[in-house]
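Since the structure of chain A is provided, determine the placement of chain B on it from the hints.
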Amino acid sequence: MNIKKEYLINKWLNNELTEEELKAFKKLDDYDSYMKISEKAKYFKCPDFNTNDSLKNIESNIKAKKSSSYKIRYQYLAAVAAILIVAFSIFKIFNNNSDIKTFKTEVAKTQTINLPDNSIVNLSANSLISFDNSAWDTKRNLTLEGEAFFDVEKGKKFTVETSYGKIQVLGTQFNVKARKYGFEVACYEGSVQINVDDRIYVLEEKNHFTLKNKNISKSKTVFKSPDWKRNSTILKSTSLDVVLKEFKNYYDVDFETSTVDMSRQYTGSFIHNDLENALKSITLPLDLTYEIKKEKVVLKAK
Amino acid sequence: MKKAHSLVKNCCEKSVFSKLHQRYAKDLHDFIYYKFGEEHNPKDKVQEAFLKLWENCKKIVPGKAKSYLFSVANNTTLNVIKHKKVVLNYELNFKQKNSDNQDPQFVLEEKEYLDKYQIAISNLTEEKRVAFLLNRVEGKKHKEIAEILGISKKAVEKRIYTALEQLRKEIEGI
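Chains A and B are the protein sequences, given in the same order. Under the UniProt record's numbering, think of the first position of the first sequence as 1, with each following residue one higher. Under the UniProt record's numbering, think of the first position of the second sequence as 1, with each following residue one higher.
This is chain A alone, in the form it adopts within the complex:
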């Protein structure tokens, strides 16, 4: 009987009762109970599910995911870039420490610079030095355009780089003149080593090194400091052309020299703080006249 009952119920549950079976089912004692349970189950129906809405949501999500995956990729790239930048800057800080200091003097101005190791640089007029401040402890290295006097404290190798070559010292006083028209080094104390064109010259105390037209000459000097520090320029057998260029480092003037032979050699000196006096110093020995016209000096043969 129980088996029959279960059979009927299962058939009923699956909506497969034949008419006869339905009659038999209805005659079961618990028919009402089954019906009630079945009926009331519907109260527990899940909320409506809208298939269209669901699909729309999913589709918009797929689109959003697509674009967000690109975003993630960009974010990833940005992160990698940021890491590289940070790594690079750290590398820079610890390796290069590029804290380049530059000092420049105008025409007729000089400047005294104290280097990190208490070495002193006296920068002549119209000149420029630059060096890596933070690397100074490991590498005493600076570049020079123009003229400067160095009083170097004893220590590691001290290098001055110029467009002509390198000057290396351990601790001395020396002057370097690296103008476009000439290269001179004078040593006042100790000795310096000059590297020019793959050749090394050693300059002893009170010696003077001149590179002129690819010719190297050495001479003695009696002075204890360079001429420019004594507010004058001493020139030996120098063409007027170069003399005037040198002159222009100390006086803000232009020359009108169309009638003058610029290749004439001049030996002598001019001072830096008196224009008329300086002009006389140059023109008199060469038998020239000068006329000052609004920042322009006209030189003429007598």
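Keep in mind that the hints were calculated from the coordinates and are not lab data. Please note: incorrect hints may appear among the correct ones.
Label pairs and their computed distance ranges (CB to CB) [stated by the list, open to error]:
#1 B/Ser71 with A/Lys56: 19 to 27 Å
#2 A/Lys56 with B/Val61: 46 to 54 Å
#3 A/Asn61 with B/Ala155: 34 to 42 Å
#4 A/Asp30 with B/Ser71: 32 to 40 Å
#5 B/Glu55 with A/Asp29: 17 to 25 Å
#6 A/Ala78 with B/Lys153: 50 to 58 Å
Note that the structure is a prediction, hence the values are computed from the model and not measured. Here a beta-carbon is modelled for each residue, glycine too, at the ideal position from N, C-alpha and C.
Only chain B this time, still in chain A's reference frame:
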């Protein structure tokens, strides 16, 4: 439809995907609801499962999509809950429609009955609850439920029948 599906290698085709959705989304939703209750947001689970299907569409042939969807939805929900009692809400508004001709005592009795029913349902094992409610509420035949759950028709029949008897015992104290 089945033939058309077998010709398609995977579910990446948009038309295939939306057909799969049309076909399985509601069942999936109902299944998740009756199994885990509303608390775990069956609609979201459906969405998650279909998104996952789309992500992996290249690997899944349409014939396998259904079981894939159900196991994904099932697993993601299982990850959230572990053997927590599921209490399904009954719809109170249902009653209020005909509340005019219901005397207070009837309403009270009805409420009492439904409360008992609610407890009884939550006392069913999840397997029995899903099968029973899919059958009685959603009107699904044994065969359909067997397909959804991936079990035999006989097993479905057994689950529904025992669920019915268990409910009767608990509610009516037989």
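How the hints compare with the structure:
| no. | hint | verdict |
| --- | --- | --- |
| 1 | B/Ser71 with A/Lys56: 19 to 27 Å | holds, 25 Å |
| 2 | A/Lys56 with B/Val61: 46 to 54 Å | violated, 25 Å |
| 3 | A/Asn61 with B/Ala155: 34 to 42 Å | holds, 35 Å |
| 4 | A/Asp30 with B/Ser71: 32 to 40 Å | holds, 38 Å |
| 5 | B/Glu55 with A/Asp29: 17 to 25 Å | violated, 55 Å |
| 6 | A/Ala78 with B/Lys153: 50 to 58 Å | holds, 57 Å |
Checked against the numbered hints given earlier, the structure breaks hints 2, 5 and satisfies all the rest.
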